[in-house]
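Colleague: Going by this note's numbering, 118 is the number at position 63 of the sequence shown; the sequence numbering is gapless.
Take these hints with a grain of salt, some might be off.
List time: in silico DMTMM-like cross-link candidates among lysine to aspartate or glutamate, alpha-carbon distance up to 20 angstroms [claimed, not checked]:
1) Lys131 / Glu77
2) Lys66 / Asp127
3) Lys131 / Asp120
4) Lys67 / Asp80
5) Lys66 / Glu77
6) Lys67 / Glu112
7) Lys124 / Glu112
8) Lys124 / Glu77
9) Lys67 / Asp127
These are computed hints drawn from the structure, not numbers from a lab.
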Amino acid sequence: MTAEERIASAKKAGVPRLDPKEAADRLPSPAATVSVAAARRSATTPFLPYAAPALTEEPYNWSTDHISKLGDATPK
Numbered sequence: 056m057t058a059e060e061r062i063a064s065a066k067k068a069g070v071p072r073l074d075p076k077e078a079a080d081r082l083p084s085p086a087a088t089v090s091v092a093a094a095r096r097s098a099t100t101p102f103l104p105y106a107a108p109a110l111t112e113e114p115y116n117w118s119t120d121h122i123s124k125l126g127d128a129t130p131k
């Protein structure tokens, strides 16, 4: 994601924007969370082409629109 996309996504999710003067005191904990999330995403991305089609079948029967909304992506 670009910086602009990240900002828009955070705003959409209701994440408050920090004053740069406060950031140094408040960011170490969220930074660790983001780092873990990025590592998790990198580890799971290779499985996405296999997982998404499986979710459209029994027992889930999820639509591609539903899957894309959960993953904040397009149905393609």
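Colleague: Which earlier hints can't be squared with this structure?
Modeller: 1, 4, 6, 8
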